[in-house]
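The primary structure of each chain is shown beneath.
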Amino acid sequence: MTEAEQLLAASGLSVTRNGQTILNGIDVRIGRGEIVTLIGPNGAGKSTLVRALLGLEPITAGSIKRAENMTVGYQAQRLSIDPTLPLTVRRFLTLTRRADDGALRDMLGHVQLDADLGKSVHVLSGGELQRLQLARALLRDPDLLVLDEPTQNVDISGAVELYRLIQETRDTFNCAVLMVSHDLNVVMSATNRVYCLNNHICCSGRPAEVSRHPEFLRLFGQSAADMLAVYTHDHDHDHGPGGEIVQGHDHAPGDGHGHGHDHDHAH
Amino acid sequence: MLDDFLTRAVIAGFGVAVATGPLGCFVVWRRMAYFGDTLAHSALLGVALGFLIGISPTAGTIVTGIMIALALVWLQGRRTWSSDTLLGLLSHSALACGLIAVTFMDGVRVDLMAYLFGDILAVTSADILWIWSGAALITAIIFVLWRSLVALTVNEETALAEGIAARPIQFAFVILIALTVALAMKVIGILLITALLIIPPATARQFSATPEHMAVGAILTGALAVAAGLYGSFSWDTPAGPSIVAAAAALFAAGFLTKSLFSVILRG
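Protein chains in written order, with my numbering: chain A, 1 to 267; chain B, 1 to 268.
Hints listed in this document are in silico derivations from the structure and should not be mistaken for laboratory results.
Beta carbons: idealized from backbone N, C-alpha and C, even for Gly.
Mixed in with the good hints there might be a few duds.
[Claimed, not checked] Quick list of the computed label-pair ranges, beta carbon to beta carbon: (1) B:ALA209 / A:SER80: 14 to 22 Å; (2) B:MET113 / A:THR21: 55 to 63 Å; (3) A:GLY55 / B:THR7: 48 to 56 Å; (4) B:ARG31 / A:THR71: 24 to 32 Å; (5) A:GLU161 / B:LEU257: 40 to 48 Å; (6) B:THR7 / A:ASN18: 57 to 65 Å.
[Stated by the list, open to error] Residues of chain B clear of chain A, computed beta-carbon distances all greater than 12 Å: (7) THR7; (8) ILE53; (9) ALA59; (10) LEU72; (11) ASP111; (12) LEU112; (13) ALA114; (14) ILE141; (15) ALA151; (16) ILE164; (17) ALA172; (18) LEU191; (19) LEU266.
Same shape as in the complex, but just chain B (with noise of 0.2 Å):
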């Protein structure tokens, strides 16, 4: 039926939304954008060395990227190269190393467009519950870390001097990043995870005073923006990973045009 599986299509789009609202927050106020990118990229060989090693993609595609964020954190150490530098070589030869690994997999089928692009359409209950209990778990996390995370991000040298532990929770914070790539993967494509990442929160910033505000407001237009993309992918028959993106991106025009409109009227 129909409805049966654009229902199911929106309720594990809003699951994505609920999971990428708060953590895109802190992407966005640490700059981690192109960070995001990189763990998304790595994705894809995390799915290949899943299935080549025979545990399930998702949990190959968490294990890599934490893999690539420990090995980013140990080539920053060297301070040979700049952090720019080392995100684009980790993140392109990653997705460049994926591309070569899921062409080997013979025996295997792997449908290469629906990772890269997401299928939000063929989304199973199984794929539902996942997809809840994972962005349940990235929720609960993010909320006992919060208070913390937000004294780290506003200034960390302070965070530190006050004894705040910053390591375990840059970590957590890692692995939350990959947990939410490999919980998002199916639903808009290793490609433009990022985008969810970071457009909503940037909507909800224009309308923000807190942080607390910000995350719940981000959580808010991802949610519109699956809700609106999937309406359009079905209505014109457009893939949904790209169109719930498109409908992200005019969401944050609309609000700002809002937002300079008013701004214009307030100053007379």
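Just chain A, with the same shape it has in the complex (with noise of 0.2 Å):
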């Protein structure tokens, strides 16, 4: 494989706050049309570092390159759009950049969302307004995607469809994407590199390798490692950890493990 153009390197970053040490030491790398997974438990440090590689996060000790001109789209774990804010689809996807309807709903198309351009953001449920962020992010032409939790507030299957749709974004727009999870349970096979995190990058590399790595059974436990499915794009099977295949979604490991709950939304 051809060494994918660079757009975000980190090296020997830490930061400390309040004396306390955040993040140590991390070394994280990021390239055009590669699929980078942050996983860890809450409290690693997860947004600290992805604040800190956009910028956003005083660094205390190391260094981190981007390169020049890199457009951002982001997509935040939790929307909650208060309710004295009237928006339609429109003019959500519209926020930051503007586009023509046509433009507005092709990008609808490609992420599967069945709504209206006129249509009320408020009426729209936690998985369609997850459809809608990607879209408006995608809207920017991104070089680099970030997803902050993706899958939180959706079931599994959702979540299946969501990574099946992540990895076709960026087969089709070539960006990079890096996506934050404290999901155990599911890594998508597409996954380039899988970066887990506990103030320190604890072990780094393709999914299957992570889940095997004894850093990860430590940080984890061995139970998490037994739940760690990597999803693949074959619908008929899923990998487990050691490679064994598991027959079917309904009896993939890490199911009904605080999947699916319900969501009431005061409107």
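Build the complex from these two chains, which are given one at a time in their own frames, with help from the hints.
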């Protein structure tokens, strides 16, 4: 594989806040066309690392190299729009960049969101809002797409759908994807590199390698490693951490562990 | 002449409605009603300080508003108290200090009631010029910042990540509110300024699909409230500022009832 055009590279990155070390000696790189997943437990410093990489967090040590004029598209973890703010699908998609209705409809088609441009965003479901966010981010024609917990509030089949969409997006738009997740159950197989973070990089590599890594086992335990299903594009089976075939998604390891919550949104 | 002062009052009131409409939308969306109140309450202190150090009361008001906003940001950074508590602390102590400062000012005669409740019927041509140039400046700045401000309001995290510089924009926003308070003080009075920032946008919300609709709607309903309030004030000899606010509230209620009625009819 040829070396991808480097978009972001951090080396020896450290962040200390109020005398507490949040990130310590982090080495991370992201190239065009790559999908990079950042996993780690709550409080591991995932969002701090993303903020630092984007230049929003002062760093204490190390260096970050960013490609010049890099356009970032960002999908927030939770989008809660104040009900007093009237917003249509069209207006949401053009929040930061104007586009004509044809381009907007094409993009909605790409993310498979069936919604009228004049529809209020306040009536969309959590999953629809995620797709809408993705469409908006892609309309910026980003070099780097940052997705913060994209599968939260989405059930397992929704997550699988979403991973397929993200992979397709990478192929179509040739952008880099940086995905942040505390969901250790599913990491998409199209991921070029997984970084396992717990204030420092515990281990990194291809998804299947990470799930067998002793540091991963030490941090998350054998049960997490057993649950880590590497999602493959093949819909017949999933590969378990040991490479064994697990039949069907209904029996995929990790299924039924905290997915498919009920969501009561007050509107 | 009767017509003269009423005309001047209406023109001044329209100027205030133009300034408070779009800005008030952001106050509503960003849940900053109490913040607006705090800046308004600090205005009296600003008036007193203005007299004391020999600058105009308006300049004193703007400076005090900005100082209060900076104090708030600094105190929030310490994370010991909630924003709500800090606002209550700053708002009421600023008002109290303002009331005390005014009583100490011998040589200068300050019409306290006029500052607290507005004196729109004593608006001079010079006031109109100041209100409309202020309103034009505020509208121009809001217009330039509009897209970024809306994006920041919808989701700050996303806007920051995608390279919108939040700090200068938020700072400009605070200055705009301080400026609006100074502008609206004469017309509506310190105690009721926030009403013009909140009620017309809330009324417009009921009939708006986009932020832009709501901003224009807020200007129109604000202007309508000014006209109706002044007419009522003139007809029944009621105080002007409170009459305008009461008219704005009546418009909100009318809008709410109309909307509810329509949805009942539509549902059959």
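Violated hints, by number in ascending order, as checked against the structure:
Hints 15, 16 not satisfied by this model.
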